[in-house]
Structures are given as structure tokens and as C-alpha cells.
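Peer 1: Listed below are the residues making up each chain.
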Amino acid sequence: MAFNTKTQNKQQPDLISNRVSSIAPSGIRRFFDLLASMDDVISLGIGEPDYPTPYHVREAAISSIEKGYTNYTSNSGMPELRQELSVYLEKLYNLDYNPENQILVTVGVSEGMDLAARALLNPGDEVLIPDPCYVSYAPCVVLSGGQPVMIPTCEENRFEISAETVESLITDKTRAIILGYPANPTGAVMPREKLLEVAELACRHDLIVISDEIYSQLVYEGEHTCVATLPGMKDRTVFLGGFSKAYAMTGWRIGYAVANEHIIGAMTKIHQYTIMSAPTMSQVAAIEALKNGEESAAEMVADYDRRRLIMVKGLCDIGLSCFKPQGAFYAFPSVKNTGMTSEEFAQKLLIEEKVAVVPGNAFGRCGEGYVRCCYATSLKELHKALERMEAFINRYKARN
Amino acid sequence: MLNQVLRLLEDDGRLTPAQIATMLNTSESEIEKLISKAEEGGLILKYKAVVNWDKLEEEQVWAIIEVKVTPQMKAGFDAIAERIYHFPEARTVMLVSGAYDFAVVVTARNLHEVSNFVTHKLAPIEGVQGTTTHFLLKRYKEDGVILNDSGDSRRQKVVL
Ligand SMILES: Cc1ncc(COP(=O)(O)O)c(C=O)c1O
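Keeping their order, the protein sequence lines are chains W and V. Each step along the first sequence adds one to the number in this note's numbering, with nothing skipped, and position 198 is 198. Each step along the second sequence adds one to the number in this note's numbering, with nothing skipped, and position 100 is 100.
Calculated from the structure, these hints are not laboratory results. Cβ atoms here follow ideal geometry from the backbone N, Cα and C, with glycine treated the same way. Check before you lean on any hint, since a few could be wrong.
Here are some chain V residues the structure puts well away from chain W; computed CB gaps all over 10 Å [to be verified]: (1) Pro88; (2) Tyr100; (3) Gln129.
Taking lysine-lysine pairs in the DSSO-like style, the calculated list, with each CA pair at most 27 Å apart, reads [claimed, not checked]: (4) W:Lys234 <-> W:Lys291; (5) W:Lys348 <-> W:Lys291; (6) V:Lys48 <-> V:Lys141; (7) W:Lys380 <-> V:Lys46; (8) W:Lys324 <-> W:Lys336; (9) W:Lys380 <-> V:Lys141; (10) V:Lys33 <-> W:Lys380; (11) V:Lys46 <-> W:Lys384; (12) V:Lys157 <-> W:Lys354; (13) W:Lys380 <-> V:Lys68; (14) V:Lys48 <-> W:Lys380; (15) W:Lys313 <-> V:Lys33; (16) V:Lys48 <-> W:Lys384; (17) W:Lys397 <-> W:Lys324; (18) V:Lys55 <-> W:Lys380; (19) W:Lys384 <-> V:Lys141; (20) W:Lys354 <-> W:Lys397.
Kindly generate the complete structure, drawing on both the sequences and the hints.
Peer 2: Right, here's the structure in full:
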């Protein structure tokens, strides 16, 4: 009986490891629960393409299943896929990675990030992470026993990190920097010169850079700089790439990590014991995407760009100032002039107008005062969402 | 630029010049000019809705009719085509390569009307050798639009 009462208790800190308990439950859980219970919501809260995977990619996977390719692959991934990745990186960035021991096929960038953190961190090691940023970075560090140290960024500096701030946060415990540009949730892209300064710091302080470049193909203004191509960086960069966004393949759970053979060796060790190998049919799909997917990817990117311009202009027209995103598929308007916090804004907008956006504080303290609006949604829905948001803001203005 | 404008309008004829200008990062007046020119020059013929008629409980029959002809000496195929396309029942008339010459898409209220069209209007045209009528059973895609697409319901409501 005593046991029973204990398990009925919602909070069981003694049952769960200290490490997992230490990760704060997402503050916006309530908001998501509310959303799940509502109908007819226009959601700008979805961080994935609205397209299904290009048909030729789906077909390649279907055909491989029909032929019975349903076994485990090599732990590191199918040799053909690693070979294609090596050719791809060579062609795109002039980077030379050996498919034998410097490329690992992962279950998305998500797994790559976890592996990198676990392979590199000792208890207490500090990892610098831009704020705001994608939600998984800090938890991955914590779960690996590391200590996240946030690098504040702001709209005035286009949500780019500055070498000066980074340097001020470096201690003798700093082990790595996580970069994620083009960025979720801000759409920021780091200009090459600024990235060079950060790279120079990494070299000087002997830091590893874990670079999440999953949105590298989704850049509309400026240019994406691959961190590993910067002087001195190839050997100290864990480059994480994926298929989820550019090829609309989120559900396939497939991505890759490239780095020097020591790091990839260590990451492969964890991967081998915890995952075995990435889904076989997804690896076949990834090969098809790399070989023949460029055209469909380019079409989607052109479409996101048009929606981006509509979204940003639409937000500005209804009175929300919005940093002009240069990459990814998110707009990150400020809601400060409404006098509401991000969460208040998101919650009221959802209840009153049935439009879902994600409160910026879900992505870090520096995201407070902003909301993330994903524009990977049909133009029709975007226009409808903007109309509802306009009604919301006008009503709010009238009240005050 | 013109090409991009046409593509956008072909996908959604209700886009305003202002919206197109925003999407293509140019001025509204520039887009207005391009569209007027395209309309005047016959590049844009008409704006219309793509209707999923199957959703309406009203009976409607569609048929694709293959038409074989002997081209007349002087005017050739064009003269016969003209006689066919003047019938309001003919929704689309195309000259095609292969075993027959014209593909004609016909809409009517019922089977009887289609057969009437074929026997009393199409077949008697001078030069028409024979016809084969295919009645449409089910429509899957219309003008680039998949008719029973599940749309966005595949995605979760929120993904960080
Ligand atoms: C910045 C960023 N990194 C990684 C991921 C996850 O990618 P994957 O599907 O490859 O695990 C996402 C997905 O939203 C993302 O936005």
C-alpha cells in the first residue's frame, strides 16, 4: 500500500535520476495541452515543412522495402550513403571527409547532437550556447553531465553572437560551443566575418564547435557559412547535417555527423550500443534525396522565400516589428509593444483568435518578448492567420 | 519576372498585385504593369475557380471523346477543330498525335446529352471519320490540384 501511494504521487524525484529531474519541464506545457484540445486552429507553431517528402524519395524507399532491404545496416550507415555524403560535402564546401571513419549516419540531427555532447563532455564541462536557440541544445548538454552557459543575443545585433560576448563567457572549464545557424527560432544567419572571429576564439581557447547546420540550404539572404570550412576549424568542428528540413523528411529520422575520426569513433561507439543503425529505409531515401533531390528542394526553398516575405510584411503591417529572417522558416516578431509577455500573447491569441504561435521564452530567456511564427504553411493559411492576428492586435489596442 | 508572376497566378488567380510584389520583392506598380500587359496580349486569358464538382450532389457527366478525322484539303485540322469547339458542350479541344486526332472533353447533365452531342453534333461534321467516347468515372487530380488531399492534417499542431 505504501508503494501505491508513492506511485500515485505525481512528483517522484527519488524515482527519477537527479540529472533528468534537473531539466526544467517545458514552461509552456500548459499552452500545448490547451492547443491539443482545440479545433480549427491555424498553427504557425509547427517547425517542419508543410510539404510531404518529394515523391521520388518516397518511391525509392518503398521500392527498397519491397525488395526486402529491411535489415540493420553497418553501424556507421550504408557505405553508399556515406560515400554520397562525402561527395556532397566535397562538391558543396570543398571539404574532404573520409566516408570510412569520418562520417556517421544518425537518427536525425537530434541524435547527432546527443552523441556529440556525450562523446565530448566530462562532468562539469561548460558549453556555450546562443540564447535563444533550438530547444534541444541545453538539455543534451545537461544529460551529458555538462553545464550550459548561455550566450545572450538580441534583435539589435540580428540575433548573431558576438566574439566579444563569447570571450567574456569562456572559463577554464569551457569545452565547446554549440552553433545553430541558420537559426531556429530567429531565422538569423551568421555572417562569415563574425563567424571567423568566433572560430578564431575557438582555436585560441582550444574549444570544439558543434555546428547544427540543418537549415543550411534554407538561406534567402546573405550566405550560409559552413563552420568547418573556416581556417583551423575542420579538425575541431562536429558538423551536424540533416535531411528533415531541406528535403521535407522530418518523419524519416535521418541525418549525419561528420568530424575527425577520433570524435566520430567515439560517437559511433555510443550510436552502436544505443541505436545500432539508423533506419534502413530512411537511409535509402536519403541516398535518393542526395542524388536526385536538388530540384525539388530548390522549388520548396523558393516557395518558403515568397512566404517569408509575405509573413514579415504582414507582421509589420499589423504593427508587430519583426526582424527580417534570412534563413530557416521562422519569423520572430516582437510582441513587446503589446505590453504582454510572450506566453500571455500566445495564449490569448490562441484562445481569442485560434492562431497558434510559440512563445519565444520556450527558446531561452532572450526569447522573451517575441513569438515564433513558422511560415512553412500555405499562403492561404498565412493570410488567414495574419488577418486573425490583426483583429487580435486591433482589439488589444482599442482596449488600452 | 514575368514567368514567376504567371506561375504564381496560375496557382492562385486571386493573389493581388501587392501580394505578388511582396513575394517577388518588387513594386506593386511593376507587377500591375506586367499583369495588364499579359492580359492585353492574350497571355493571361481568364481567371477562374477549380471546382470539385463531385462534391455537389447534382448529376453531371464528363466524357473524353477521341475523334478521328480526314483533314480537308485546304483548311486542314483547324477548320474541323473550329466546328467542334463552337459547341458549348466541348469544354476542351486538342489536336493530339497517335491513333486519333482530336481529344474533346465534354460536360453535360446526363448520358443522354452526351450521346446526343456525339450523334447529332460531332459525328455529322464533314471530315469526322469516327469517335470513341470514354465516360469519366472518377476524378483524382484537376488542374494540378489533388482532389481528396488530406492537406495539413498530417502534421502535429506544434513542433518546436
Ligand atoms: C535547429 C534544429 N536542429 C535540429 C532539429 C531536429 O532535426 P532532426 O529532424 O534532423 O532530428 C530541428 C528540428 O526542428 C531544428 O530546428
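Peer 1: Provide an ascending list of the numbers of those earlier hints which the structure does not satisfy.
Peer 2: 5, 13
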